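Reading the first sequence from the start, the letters are residues 0 to 288 in numbering that gives the first Met the number 0.
Any given hint could be a false lead.
To be verified - Pairs of lysine to any residue, SDA-like flavour, derived with a Cα cap of 20 Å: (1) K149 to K267; (2) K134 to G68; (3) K134 to V274; (4) K172 to S285; (5) K156 to G68; (6) K267 to S237; (7) K134 to E63; (8) K118 to E63; (9) K172 to Q250; (10) K267 to C286; (11) K134 to K118; (12) K118 to T21; (13) K156 to G19; (14) K131 to S237; (15) K149 to A161; (16) K134 to T28; (17) K131 to T27; (18) K134 to L147; (19) K149 to I56; (20) K172 to Q42; (21) K172 to T21; (22) K172 to C286; (23) K172 to R219; (24) K172 to T203; (25) K172 to R204; (26) K134 to V39; (27) K149 to A257; (28) K172 to R201; (29) K118 to G19; (30) K134 to V114; (31) K134 to G75; (32) K134 to K149; (33) K149 to G181; (34) K131 to T111; (35) K172 to G19; (36) K156 to A216.
Unchecked claim - Derived CB-CB ranges, DEER-like: (37) R288 to A171: 46 to 52 Å; (38) Q277 to A212: 27 to 33 Å; (39) P262 to P30: 45 to 51 Å; (40) S285 to E23: 54 to 60 Å.
It should be emphasised that the hints constitute simulated quantities derived from the structure, not laboratory data.
From a predicted model like this one, the values you see are computed outputs, not experimental measurements.
Note that CB positions come from ideal geometry on N, CA and C, so glycine has one too.
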Amino acid sequence: MPELPEVEVVRRRIAPLFVGRTIESVRTTRPSYFFLTPPVTLQRRLAGRRATALERIGKYLVAELDDGGRLLLHLGMTGQIFASDAASRRLLTGKRRRAPAQAGPFRPDRHTHLVFGFKDGGPRVLFRDARKFGKVAYLEPGADEPRLTKLGPDALKADGRALYEAFRSRRAKIKTVLLDQGVLAGVGNIYADEALYLARVRPTRRADSLTRAESLAIARAVRRVLMRSIAAGGSSISDYVQPDGQDGSYQETHYVYARTGEPCRRCKTPIRRVVIGQRSSHFCPSCQR
DNA sequence: CACTTCCCCTGCAAGC
DNA sequence: TGCTTGCAGGGGAAGT
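I would like the entire structure built from these sequences, with the hints used as guidance.
Next comes the structure, spelled out in structure tokens:
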């Protein structure tokens, strides 16, 4: 799903539709673990509220509300946030991205867990998530949220020296450590693979085996792939779409992710896939040491 | 603590 | 065509 770049693109696009507008109604699906805060409570707390800012913390979106509370959103693997007037041609899943344009506006389906209606009667904001790995929570004013406070520094600001220090005490594989949101917030499976490729480090290397130079290279590579992906509108692999319904294009630039068996863009060696910590990892056995 | 395994849920592609 | 299996961008809980 959405990693830092996709969440950041969603934030930028959705902020103008969400910030400054008074929420009139909140429609939800039935209670499920998607709702960290029960639907009835969400409705009670959010009706009449107005967001004053929408920020991104790691892969979380956090709306500051005019009562001092906060609205926490996480897209999980398949979360989609979009406007009710978005081009709806491919909001309904898929890998089959050639699907013909769907006529008319998007109709909330059984996977559309949140629909915000506003007092001004303008476009609604919808949150859809087929797998329900996403999350929504209302945080009372001043409430502490461990999910947020546990996060490490933002991956866009990855610092090589700090990473080197963190790596030194970790015996796990570097791929696993990069996915640890407490070390660096925002990197997920795609960008961990892409960054390690650019840094020429194999995902299977133990973190504590990395040199200072390699750590600096990884930090630089992380910043680079994330910035470039944001500029490209994110990676649209299966479900991710921008809030206006358009695909991102960074997947066209991937060096290794989902390119198993295909030639390395640098040396033509077939890209290899291994499983690390239950997640697939892709790398070039020739370029990455 | 650090690390690993399992699990939450749905939809799609590939294989038979 | 239909069934089964494997796989998917995340992360928390519980185990060692």
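Check: Okay, which hints does this one fail, numbers in order?
Finding: Result: hints 1, 3, 5, 6, 9, 11, 13, 20, 21, 27, 35, 37 break, sorted rising.
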